[in-house]
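K.L.:
Sequence:
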Amino acid sequence: MVGGGEGAYIGNIHRISARFDGAFQLVAGAFDADAARGHRFAATQGIDPTRSYDDFKAMIAAENGREDRIDVVAICTPNHTHFPIAKAFLEAGYEVICEKPLTNTLEDAIALEQLVRETGRFMGVTYTYSGYPMVHEAREMVAAGKLGAIRVVQVEYPLEWMATAIETAGNVQAAWRTDPKRSGRGGSVGDIGTHAYHLAGFVTGLKLEALTADLASFVEGRVLDDNAHVLLRYEGGARGLLWSSQVALGCSNGIRLRVFGEKGGLTWFQEQPNELTFSPLFGRTETIKRGADDLSEAAKARTRTPPGHPEGYLEAFANLYRGFAEAIRARREGREATAIGLNAPTAYDGLKGVAFVDAVVDSAEAEGQPWLKPYAV
Numbered sequence: 025m026v027g028g029g030e031g032a033y034i035g036n037i038h039r040i041s042a043r044f045d046g047a048f049q050l051v052a053g054a055f056d057a058d059a060a061r062g063h064r065f066a067a068t069q070g071i072d073p074t075r076s077y078d079d080f081k082a083m084i085a086a087e088n089g090r091e092d093r094i095d096v097v098a099i100c101t102p103n104h105t106h107f108p109i110a111k112a113f114l115e116a117g118y119e120v121i122c123e124k125p126l127t128n129t130l131e132d133a134i135a136l137e138q139l140v141r142e143t144g145r146f147m148g149v150t151y152t153y154s155g156y157p158m159v160h161e162a163r164e165m166v167a168a169g170k171l172g173a174i175r176v177v178q179v180e181y182p183l184e185w186m187a188t189a190i191e192t193a194g195n196v197q198a199a200w201r202t203d204p205k206r207s208g209r210g211g212s213v214g215d216i217g218t219h220a221y222h223l224a225g226f227v228t229g230l231k232l233e234a235l236t237a238d239l240a241s242f243v244e245g246r247v248l249d250d251n252a253h254v255l256l257r258y259e260g261g262a263r264g265l266l267w268s269s270q271v272a273l274g275c276s277n278g279i280r281l282r283v284f285g286e287k288g289g290l291t292w293f294q295e296q297p298n299e300l301t302f303s304p305l306f307g308r309t310e311t312i313k314r315g316a317d318d319l320s321e322a323a324k325a326r327t328r329t330p331p332g333h334p335e336g337y338l339e340a341f342a343n344l345y346r347g348f349a350e351a352i353r354a355r356r357e358g359r360e361a362t363a364i365g366l367n368a369p370t371a372y373d374g375l376k377g378v379a380f381v382d383a384v385v386d387s388a389e390a391e392g393q394p395w396l397k398p399y400a401v
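Each residue of the sequence shown is one higher than the one before, starting from 25 at the first, in my numbering.
No lab work stands behind these hints: they were computed from the structure.
None of the values given here were measured: they were computed from a predicted structure.
Incorrect hints may appear among the rest.
Claimed, not checked - In silico lysine-lysine, DSBU-like type, Cα no more than 30 Å apart, as pairs:
hint, residue 1, residue 2
1, Lys111, Lys81
2, Lys313, Lys170
3, Lys313, Lys287
Stated by the list, open to error - Label-pair distances were calculated between CB atoms; the ranges are:
hint, residue 1, residue 2, range
4, Glu142, Glu357, 15 to 23 Å
5, Asn367, Thr329, 35 to 43 Å
6, Glu142, Val247, 45 to 53 Å
7, Ile40, Glu115, 44 to 52 Å
8, Lys170, Glu115, 42 to 50 Å
All C-beta atoms in this analysis are idealised placements derived from N, C-alpha and C, irrespective of residue type, glycine included.
Start from the sequences and build out the full structure, keeping to the hints where you can.
P.N.:
Rendered as structure tokens:
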């Protein structure tokens, strides 16, 4: 692991998820930009002191000389460091799991995705919400035509945690997320809007034709957006609306997806993740619950406990890690991956996310030419 040390929320989520199914063992790391603090943290994780490194370059140099060298590296650092770290590990022959957004700039995202194809290495990107069983059930229902032709897609991701200028009051996580040098061009749209965009595309399979965006920075002095409204035009005629916000009081982690077709509609809400609501044309609204016997294989492969025992965020994140492990093993063994290893978010999904952010910011800054097509859809 690179990054994700003391005080890093997402690093612990990665560690728990990687260990959840016994598919990974954490054996090495460069956990902090402050090497001494990183070494102290490594000791708390039971890491052999000889495999606790000052930085990622030292890790590559040392691991390359070991017979039991690491197989995969998880990158849990701020956005602006993703590209050089991922590039170095891919070029050294390692598989990579990376936080989103993939990179700070579109140019870096294009280069990194190209490098993945050139090296033949696997690169997974942690779009968490594609790990939920009922999200996969929704995807299967859309693909099976149960909604008919898709007409309207609405996706939102509102949070309240940055409703005040906490980045100036010592909150490290908020500080780098509001700094364009470390976070990239997008604020809320880069941090959480990319999750919403990926979720909508993952479930519907629709490709974006063009978008137009309105960005706002409501907190005084904040440079990057803390609220985004994005209108979406999909190929084939469907229309969409994406809202991301870090200043929506009363919203803890309210990612929600609504998909409406000519034959029915679906709703999924992350704070009630074990249920999917389906409303067929001329029929009764149905609540489909995780664990039901008639769910798709894609949903069953990501279901861990019997009905009535709720599953949530950690299980979804662990499903990503289990999927990454299966995808890597299948590639190495020259076979088709089982259900858990299919449709895992990869470098191209990461590229699409960065391209989305770039187009949103370009649209918001444009005068008179608001409808833009992202580089990758």
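K.L.:
All hints are to be evaluated individually against the structure, with a verdict given for each.
P.N.:
Hints, one by one, checked against the model:
1. Lys111 to Lys81: holds (11 Å)
2. Lys313 to Lys170: Between Lys313 and Lys170 the Cα gap is close to 17 Å, so the pair holds against 30 Å.
3. Lys313 to Lys287: Cα-Cα ~21 Å, so holds.
4. Glu142 to Glu357: 15 to 23 Å: Given a distance of about 22 Å, which is inside 15 to 23 Å, the answer is holds.
5. Asn367 to Thr329: 35 to 43 Å: violated (22 Å)
6. Glu142 to Val247: 45 to 53 Å: violated (35 Å)
7. Ile40 to Glu115: 44 to 52 Å: violated (29 Å)
8. Lys170 to Glu115: 42 to 50 Å: The hint (42 to 50 Å, Cβ to Cβ) holds, given that Lys170 and Glu115 are roughly 44 Å apart.
Comparing the model with each numbered hint stated earlier shows that hints 5, 6 and 7 do not hold.
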